[in-house]
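All chains, please: the whole structure from these sequences, using the hints.
Numbering (my numbering), first residue to last: 1 to 82.
No lab work stands behind these hints, which were simulated from the structure alone.
Check each hint, because a few of them may be wrong.
So the derived label-pair ranges between C-beta atoms look like this [said to hold, decoys possible]:
{"#": "1", "residue 1": "F64", "residue 2": "A22", "range": "31 to 41 Å"}
{"#": "2", "residue 1": "F10", "residue 2": "L67", "range": "14 to 24 Å"}
{"#": "3", "residue 1": "R20", "residue 2": "G57", "range": "37 to 47 Å"}
{"#": "4", "residue 1": "L67", "residue 2": "G23", "range": "37 to 47 Å"}
{"#": "5", "residue 1": "D7", "residue 2": "S65", "range": "21 to 31 Å"}
{"#": "6", "residue 1": "W38", "residue 2": "A60", "range": "34 to 44 Å"}
{"#": "7", "residue 1": "K6", "residue 2": "L30", "range": "20 to 30 Å"}
Treat the numbers as computed from the prediction; the structure is a model and nothing was measured.
Ideal Cβ positions, reconstructed from N, Cα and C, are used throughout, including at glycine.
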Amino acid sequence: MLVQAKDATFELMDSVMTIRNAGCLAEFSLSPLFRRKWLSIYEALQDSRPQKNLTPGRVAQSLFSLLVEIGTPASSLKTRGK
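Following this line, the structure appears as structure tokens:
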């Protein structure tokens, strides 16, 4: 779901969780956890927007496929349906 600015998006999330009183969005770039320039915040937010053709069913299918791939209890659900 995240496209180009994956690292910047995660750094922004870290910054948001550690800065208590930001007066504006650009203040999150002052966190030592955000190692990019302030403009990267806006690019990260733009790039991390959900795809327009992403339906709840596609999200659920992707999540199920991921759970099966990593070998969680969801893999037993797949074998039950067959």
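Going through the hints against the structure:
no.: 1; hint: F64 - A22: 31 to 41 Å; in the structure: 37 Å, holds
no.: 2; hint: F10 - L67: 14 to 24 Å; in the structure: 21 Å, holds
no.: 3; hint: R20 - G57: 37 to 47 Å; in the structure: 38 Å, holds
no.: 4; hint: L67 - G23: 37 to 47 Å; in the structure: 40 Å, holds
no.: 5; hint: D7 - S65: 21 to 31 Å; in the structure: 24 Å, holds
no.: 6; hint: W38 - A60: 34 to 44 Å; in the structure: 36 Å, holds
no.: 7; hint: K6 - L30: 20 to 30 Å; in the structure: 21 Å, holds
In summary, the structure agrees with every hint in the numbered list given earlier.
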